[in-house]
Amino acid sequence: MTKTQYAIKVGGQAGQGIKSAGQILAKVATRSAYNIFTYTEFPSIIRGGHNVTQVVIGEDEVTAPLLKCDLLLALNQDTIDKHKDELTDKGIIVFNSEGRIDTSKVRKTINLCPIPFTKFAADAGDKELLENTVAIGAALAMIEGDLPTLTDLLKAEYGSKGTDIVEANKKAANLGYEYAKSQYSKNIKKVLVKKENQEKKMMLNGCEAVGLGAIAGGLQFAAIYPMSPITNILHVLAKYQERFGFIYKQPEDEISAINMAIGAAYAGARSLTTTSGGGFCLMSEGYGLAGITETPLVIVEGMRPGPATGLPTWSGQGDLQFLLHAHQGEFPRIVLAAGDIKESFDLTMKALNLAEKYQTPVVVLIDKNICDGDQSYPLFDISKFALDRGKLTRDKKENYKRYEISDDGISVRSIPGVGNYFIANSDEHDEEGFSADESDIAVTQQSKRMRKLVACEKKDMEKPVLYGPENADATIVSWGSNKGSILAAIADFSNVNFLHITWMNPFPTDDVKRILSKSKYLIDIECNFTGQLAALIAEKTGIMILDKYLKYDGRPFFPEEISDKLKSVLNK
Amino acid sequence: MTQLSDLVTKCSPNWCPGCGNIAIWGAFKNAAVQKGWDNTNTAIVAGIGCHGHIINFIKLTSFEGLHGRAIPVATGIKLANNRLNVFTFTGDGDCLAEGGNHFIHACRRNHNINVFIHDNAIYALTTGQTSPTSPHGFKSKSTPQGNPDYPLNPVALAIASGATFVARAYAGDIQGTTDLMIKANEHQGISILDILQPCVTFNKEISHTFYQQNIYKIDASHDVKNKEAAFKKALEWGEKQIPIGVFYQIEEPTYESQLPQITNNPLIDSNPERNNLADLFEEFV
Chain A
1 MTKTQYAIKV GGQAGQGIKS AGQILAKVAT RSAYNIFTYT EFPSIIRGGH
51 NVTQVVIGED EVTAPLLKCD LLLALNQDTI DKHKDELTDK GIIVFNSEGR
101 IDTSKVRKTI NLCPIPFTKF AADAGDKELL ENTVAIGAAL AMIEGDLPTL
151 TDLLKAEYGS KGTDIVEANK KAANLGYEYA KSQYSKNIKK VLVKKENQEK
201 KMMLNGCEAV GLGAIAGGLQ FAAIYPMSPI TNILHVLAKY QERFGFIYKQ
251 PEDEISAINM AIGAAYAGAR SLTTTSGGGF CLMSEGYGLA GITETPLVIV
301 EGMRPGPATG LPTWSGQGDL QFLLHAHQGE FPRIVLAAGD IKESFDLTMK
351 ALNLAEKYQT PVVVLIDKNI CDGDQSYPLF DISKFALDRG KLTRDKKENY
401 KRYEISDDGI SVRSIPGVGN YFIANSDEHD EEGFSADESD IAVTQQSKRM
451 RKLVACEKKD MEKPVLYGPE NADATIVSWG SNKGSILAAI ADFSNVNFLH
501 ITWMNPFPTD DVKRILSKSK YLIDIECNFT GQLAALIAEK TGIMILDKYL
551 KYDGRPFFPE EISDKLKSVL NK
Chain B
1 MTQLSDLVTK CSPNWCPGCG NIAIWGAFKN AAVQKGWDNT NTAIVAGIGC
51 HGHIINFIKL TSFEGLHGRA IPVATGIKLA NNRLNVFTFT GDGDCLAEGG
101 NHFIHACRRN HNINVFIHDN AIYALTTGQT SPTSPHGFKS KSTPQGNPDY
151 PLNPVALAIA SGATFVARAY AGDIQGTTDL MIKANEHQGI SILDILQPCV
201 TFNKEISHTF YQQNIYKIDA SHDVKNKEAA FKKALEWGEK QIPIGVFYQI
251 EEPTYESQLP QITNNPLIDS NPERNNLADL FEEFV
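Respectively, the protein sequence lines represent chains A and B. When we follow the numbering used here, the leftmost residue of the first sequence carries the number 1, and every step to the right adds one. When we follow the numbering used here, the leftmost residue of the second sequence carries the number 1, and every step to the right adds one.
In the SDA-like style, the derived pairs of lysine to any residue whose C-alpha atoms are separated by at most 25 Å in a straight line are:
1. Lys391/A / Glu330/A
2. Lys396/A / Ser270/B
3. Lys171/A / Pro116/A
4. Lys401/A / Gln3/B
5. Lys401/A / Ser12/B
6. Lys90/A / Val106/A
7. Lys200/A / Val285/B
8. Lys239/A / Leu259/B
9. Lys401/A / Asn14/B
10. Lys384/A / Val285/B
11. Lys239/A / Gln258/B
12. Lys239/A / Tyr158/A
13. Lys342/A / Asp388/A
14. Lys342/A / Leu280/B
15. Lys232/B / Asp149/B
16. Lys108/A / Lys190/A
17. Lys458/A / His325/A
18. Lys397/A / Cys11/B
19. Lys397/A / Thr9/B
20. Lys397/A / Gln3/B
21. Lys10/B / Val443/A
22. Lys10/B / Glu432/A
23. Lys397/A / Thr2/B
24. Lys194/A / Phe281/B
25. Lys396/A / Asn265/B
26. Lys239/A / Pro266/B
27. Lys155/A / Phe281/B
28. Lys183/B / Arg108/B
29. Lys68/A / Ser20/A
30. Lys548/A / Pro464/A
31. Lys155/A / Leu280/B
32. Lys200/A / Lys384/A
33. Lys397/A / Ser270/B
Worth flagging that the hints you see were computed from the coordinates, not collected in a lab.
The whole structure should be built from the sequences, with the hints applied where relevant.
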């Protein structure tokens, strides 16, 4: 599957507009009716340091980054030095002929396409930043992309900066494009020939998907403190708050974020907060507060490698067991993990329903690869989604009891200001909410709360999806953003299947046990050191997965790596 | 109208006899009766400490949160439903130690909420340790050799942090406390009311007698709009030199008034159903 995909890498210094160059190329692709996937690597600094963005283009859905690279768009020497060996034979390097670039160590099979970026930038408008646009134009020519589509995008991108800037960029793109087309026509590949009248495609990253999912899910209040990799979620929510009538509030820290969200939810607003693992450390006390006060709350946690500051701009999956166990004592928590950008949209939307239905915190785990990567999709369809606010009343009730004992553990929730008296109490409490430490009350209230998970398991928990054949020689079990790379890899194997798990608590024990018991060979794939999903599977099902393929360097699994792993296992 | 009997719950106060919290509780109930605060228009939030038990003794819908975190919860409530009177009960340890960061940021944001600090200059619920407002040299279980730290001045801190209403009450003056609670709620914006209260069990140094001998009421000659004068007054502390009353009050737009989303109706009255997002999705094409 990955063989039919074309991979472009754009590299340069932080501040050179690397990510934006990649995104423009990706958008030319989606507007020409192709699918894309982008993957960006960058250090935690704003200027300097090596940045690289990969754009993978395909006719069919693209779900993963690739190790290979077909076209390297090098804005500095570093890019060539670091990535030349990723190039496929007959791959192309587009670079600045005036940039004193040394290509002597590049393999002879590679096609070198030097282009006078600096001269063309000066011709177009004497702006250093225009070198980027020259480069984009040149790269586009090498894959036979559509120049008018690019110029439309440049117009949209720079329109707010004035006509001069737009025209200069159009000229720069044109100069790069025409030069590459005339000088290197032999090396041009028909990768991006524009297809007309195709279905429209969205291109978005996981942070945008969470923001849109929250809006679609009826979000009314969000309090979020900035932190990589989830900061873009707050950018999306801040931007759209007035248009959709919700409030985004920037708090002083994550402790305040979760407590504000709890306060707003208690008062009747659908609420959400998001953070990364470090911020969630601060939120842990509020997590259980939402649990005991039975306050609906959605927490989206975007993972990066820890501990402490760890690898702040890289990806990890080390927080699963943390989210399953954080906070003192026990309370019902629903923990979901999205496997890709679309799933993070769907799960955020659903989580807002689940939180109100079960009056408890719901976590959606994502990771940096999901947060920062872009993928193309048909326009999302939300027609099947219906808002469910659960047992919520704004009517005045006689003898109202906020924490009334019920079979499913869910009591009727009311809000302040409607005449019903109750206490949302962080102390253990009786049915009205008064502080209480009697044994019978402690037992009935705790068991009432925990029964909500049983109800959730029966009514809402979804089965894990098994991709590939029912019976296989090897079964991969995984979660989170590994999904895309695993799907890309197993497409080339007829005898491998993949169990993708999204419900972590409650856990689909019976289905996982049934599927894994049938498997001939099990491989657990995760981005952490200890195999946290494998530990959860062992705890719930008793099945020990012996072959754990783990990565904890902040990088994603690439399909090529998984493919190699499968070959080695199947050839044993 | 609210009657005193409407505010009675099944729980009797479990504070020590003579505790300043009893007087604050009484003062607040009187204010609620006078102004008609009830379950259709009011929510209260408390932190953790002796003060926090108050939620069990007033029949007004409430949220008892975590130690130090009452203010963020109150902020969330106000943003979700700005029709509500929101009262935050907190203590000197709760608000100024564990919740210090929330306190200073709440002061600069001008949410239209009330923060009442039950300030007894000691940690009482944990049986007597030094708090952020305990005097230098103060002997307690955590500072048997005398407190080496210097106390924080909540009134000066609130003014410096940008609060738009800053006052101090003495719990033993129940009528005066009631009046200040009402003034605080009538103020549009963040209202900080530091309420001096003795802890009769663990803080023998700072007693009712001490306050009665040393407080004085700020008179009409004080210009509450003058930040410098307010700050100067806030720094007064000593024999016969503890001012009570309003130190500072200015009008600034409240946080809530700056949000077009809630100009006409509270957030909770907005419809969260968003069935047609095609235009939004188009922006990502």
